[in-house]
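Number of protein chains: 2
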Amino acid sequence: MFENAQRTEISTLGEFGLISHLTKNFELVNNTNLGVGDDAAVISPTPGYKTVISTDMLVEGVHFDLSYFPMKHLGYKAVVANLSDIYAMNAKPKQITVSIALSSRFSLEAVEELYAGIQMACKNYQVDLIGGDTSTAKQGLTISITAIGEAKEEDLSFRNGAKVNELLVVSGDLGGAYCGYQFLEREKRVYLDNPSVQPDLSGYDYIIERQLKPEARKDIIAILETLNIHPTSMMDISDGLASECFHLAKSSNVGITIYEEKIPIDPTTYNFARELDLDPTMCALSGGEDYELLFTIKQEDFSKLEHHADFSIIGFVTDSNEGMNMISKGGNKHPLQAQGWTAF
Amino acid sequence: MFENAQRTEISTLGEFGLISHLTKNFELVNNTNLGVGDDAAVISPTPGYKTVISTDMLVEGVHFDLSYFPMKHLGYKAVVANLSDIYAMNAKPKQITVSIALSSRFSLEAVEELYAGIQMACKNYQVDLIGGDTSTAKQGLTISITAIGEAKEEDLSFRNGAKVNELLVVSGDLGGAYCGYQFLEREKRVYLDNPSVQPDLSGYDYIIERQLKPEARKDIIAILETLNIHPTSMMDISDGLASECFHLAKSSNVGITIYEEKIPIDPTTYNFARELDLDPTMCALSGGEDYELLFTIKQEDFSKLEHHADFSIIGFVTDSNEGMNMISKGGNKHPLQAQGWTAF
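Top line first, the protein sequences correspond to chains S and W.
Each step along the first sequence adds one to the number in the numbering used here, with nothing skipped, and position 260 is 260.
Heads up: take any position in the second sequence, counting from 1, add 1000, and you land on the numbering used here.
With the rest of the complex left out, here is chain S (with noise of 0.2 Å):
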């Protein structure tokens, strides 16, 4: 489905020229002194800040399906799924790099559409490209990034600081991504089987976002800050609530409750799932990609975010002997099974 008009070989540009061409335009907002162009960028960290470093690699065929995944939309999730994870440890991203590794199959106008999209990520969230590195592959795409972000020591929040009784929270809703993936593929299906039909979005356009053009929550962040509430734990959600659930719980050494029903499901998202035969919740509890963030409060912090609309307060934190259970829907317990998205 993704074409080019105009077709221009990257060798024209060779490796270095590549470079300089994609990221002439990118700009420099944070507390960079030097970006791309040198053996290595120079940062200035903010005196009394501890820098925080996370890294994702994307791999075509694995990660991301180009018969439908817009490249322009790839380097922007390729980016955001970066963001969320300095995010997730309550910290602000400043900068990233970016390597790429392509086939000969890839024309410059692709890639272009690549950096179109890592560039509005860039500006979205203001970070600014600092580095990176291109180059052949055999075959298909693989994306590598790295982000770098800044928090002060006592804002920070670990996966290990979860404590019995408090509170487990999650932003946004679930599961959508997910579905958005489904919908794609079952589209996809459709069209190989016949190219002729054009697919029919209408309706699907939250779960199709969801999936092709997800957003870091810089917000919940911000909110919180305002808040005044310090998370005892965090991390983001991209292999699935469950799977996330049972990593907290290892971390912090505790044991996690948490109630079917509280569980936030978009109406568009439970409505596909039902369409599909899916059970709506197991697809927010072992869909991935979903991006929001899961961290746990204390007790005392409930009434600041209980009529909040971007959180939903989904469960507890148990004495670890009491391992990892959902309430459901029928009120009976049963236990969590971790059946998170995994690349292997």
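Hint data in this document are derived by calculation from the structure and do not stem from the laboratory.
Treat the numbers as computed from the prediction; the structure is a model and nothing was measured.
We treat Cβ as the ideally placed atom computed from N, Cα and C, and that holds for glycine.
Misleading hints may appear alongside valid ones.
To be verified - Computed list of lysine to aspartate or glutamate pairs in EDC-like fashion (alpha-carbon distance at most 20 Å, straight line):
| hint | chain 1 | residue 1 | chain 2 | residue 2 |
| --- | --- | --- | --- | --- |
| 1 | W | LYS1138 | S | ASP65 |
| 2 | S | LYS138 | W | GLU1185 |
| 3 | W | LYS1218 | W | GLU1153 |
| 4 | S | LYS24 | S | GLU109 |
| 5 | S | LYS213 | S | GLU113 |
| 6 | S | LYS250 | W | GLU1153 |
Stated by the list, open to error - Now the in silico label distances, taken between C-beta atoms and shown as ranges:
| hint | chain 1 | residue 1 | chain 2 | residue 2 | range |
| --- | --- | --- | --- | --- | --- |
| 7 | S | ASN124 | W | LYS1163 | 54 to 60 Å |
| 8 | S | LYS298 | W | LYS1250 | 56 to 62 Å |
| 9 | S | GLU185 | W | GLU1109 | 30 to 36 Å |
| 10 | W | ALA1116 | S | GLU154 | 36 to 42 Å |
| 11 | S | GLU112 | W | GLN1337 | 29 to 35 Å |
| 12 | S | ASN124 | W | ASN1124 | 53 to 59 Å |
| 13 | S | GLU261 | W | ASN1124 | 27 to 33 Å |
| 14 | S | GLY17 | W | LYS1163 | 23 to 29 Å |
| 15 | S | SER67 | W | GLU1261 | 55 to 61 Å |
| 16 | W | GLU1300 | S | THR46 | 34 to 40 Å |
| 17 | W | GLY1014 | S | THR46 | 33 to 39 Å |
| 18 | S | LYS188 | W | ASP1319 | 55 to 61 Å |
| 19 | W | SER1320 | S | ASP65 | 55 to 61 Å |
For chain S, the structure is supplied; the task is to place chain W on it using the hints.
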């Protein structure tokens, strides 16, 4: 040529199990507060220092050939190549992140070898592995490393600081890694023609080591500090001397003249180049991966380096109008050609 007696499938561990298995024996020796295991790593920048960041991506079939490149050496070299970029800023590396994407062709034992090499490099250069990502790929092996270092602002050396009449200096010797590559490619062809022929490596150890186990010039940075020399510009030689001279000259808006007879070439490199009917000077000018340092110094620092075995003063900086030149052994002036190795 690379074989394992035992083969364990990576899928038996899962993604998170794999990361924790591979990184469990890595020690943190620097200003790292939190390494692998959370959404992001946390480091404490040294007050008053700048943070320096570089990143590289290595792709099987483009940057390395596993038919003669042992996984352990590959891990070592991948780290070294990144650290070299940090030293090239006259900075000291402190941390790295490592991401890999690999096909199911690779066993757990193979990946353990890769990480054994990464760990050895971390130990030798005293850097902390603080994060990374592992993913499947449809084909091959891709490695992406980001290195983080530190320097005082006044110590940093950039590419753009060279001034007319300054001296151009190179560490170590050049062309060895390229000749090692040519040697290994030749032995590979011999082996493919007749697998019963055992390669005779004797006498070629130096160039093989330059290719398979290069080192970053940590020692040079220390020597320059001891000699109280601040390079006015500096970069590492990863793509060949000529290409790097062009980068340095362009960034500094100057010209460069080098003397062919001053280019340091090891006898093993020289003899092997002759054996292949290659011009040893061309191997030094256009062969890559030597990871030596190229830098400029003020004339007044000449005597400090003049008789130092680790350095060769190979030329001088001119006005940009004079362009890029090489004085041949016969005393003739030729335009310098940039034919650095390029991945496109």
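Outcome of the hint check:
Distance hint between LYS1138 of chain W and ASP65 of chain S is fulfilled; the C-alpha atoms sit about 13 Å from each other, no more than 20 Å. Only pairs whose Cα atoms come within 20 Å are accepted, and LYS138 of chain S paired with GLU1185 of chain W is accepted, the gap being roughly 19 Å. Simply put, LYS1218 of chain W and GLU1153 of chain W have alpha-carbon atoms about 18 Å apart, close enough for the 20 Å limit, and the pair holds. At most 20 Å may separate the alpha-carbon atoms for a hinted pair to count; LYS24 of chain S and GLU109 of chain S meet this at roughly 15 Å.
Pair hint LYS213 of chain S plus GLU113 of chain S holds up; C-alpha atoms about 14 Å apart against a cutoff of 20 Å. Simply put, LYS250 of chain S and GLU1153 of chain W have alpha-carbon atoms about 42 Å apart, too far for the 20 Å limit, and the pair is violated. For ASN124 of chain S and LYS1163 of chain W, the hinted distance range of 54 to 60 Å is not satisfied, since their beta carbons lie about 41 Å from each other. Distance hint for LYS298 of chain S and LYS1250 of chain W: a CB-CB separation of about 57 Å, consistent with the stated range 56 to 62 Å.
Roughly 35 Å separates the CB atoms of GLU185 of chain S and GLU1109 of chain W, a value that falls within the hinted 30 to 36 Å. Here the CB-CB span from ALA1116 of chain W to GLU154 of chain S is close to 38 Å, well matched to the stated 36 to 42 Å. About 30 Å separates the C-beta atoms of GLU112 of chain S and GLN1337 of chain W, a value consistent with the hinted range of 29 to 35 Å. With their beta carbons about 41 Å apart, ASN124 of chain S and ASN1124 of chain W fall outside the hinted range of 53 to 59 Å.
Taken as a hint, the range 27 to 33 Å is violated for the pair GLU261 of chain S and ASN1124 of chain W, whose Cβ atoms sit roughly 56 Å apart. For the hinted restraint 23 to 29 Å between GLY17 of chain S and LYS1163 of chain W, the CB-CB distance of approximately 27 Å keeps it satisfied. A hinted range of 55 to 61 Å holds for the C-beta pair SER67 of chain S and GLU1261 of chain W, which are about 58 Å apart. Under the hint 34 to 40 Å, the C-beta atoms of GLU1300 of chain W and THR46 of chain S, about 37 Å apart, fit the expected range.
The beta-carbon spacing between GLY1014 of chain W and THR46 of chain S, approximately 37 Å, falls within the hinted interval of 33 to 39 Å. Separation of LYS188 of chain S from ASP1319 of chain W is about 60 Å and conforms to the stated range, judged on CB atoms against 55 to 61 Å. Roughly 49 Å separates the CB atoms of SER1320 of chain W and ASP65 of chain S, a value that falls outside the hinted 55 to 61 Å.
Going down the numbered hints, you'll see the structure goes against 6, 7, 12, 13 and 19, while the others check out.
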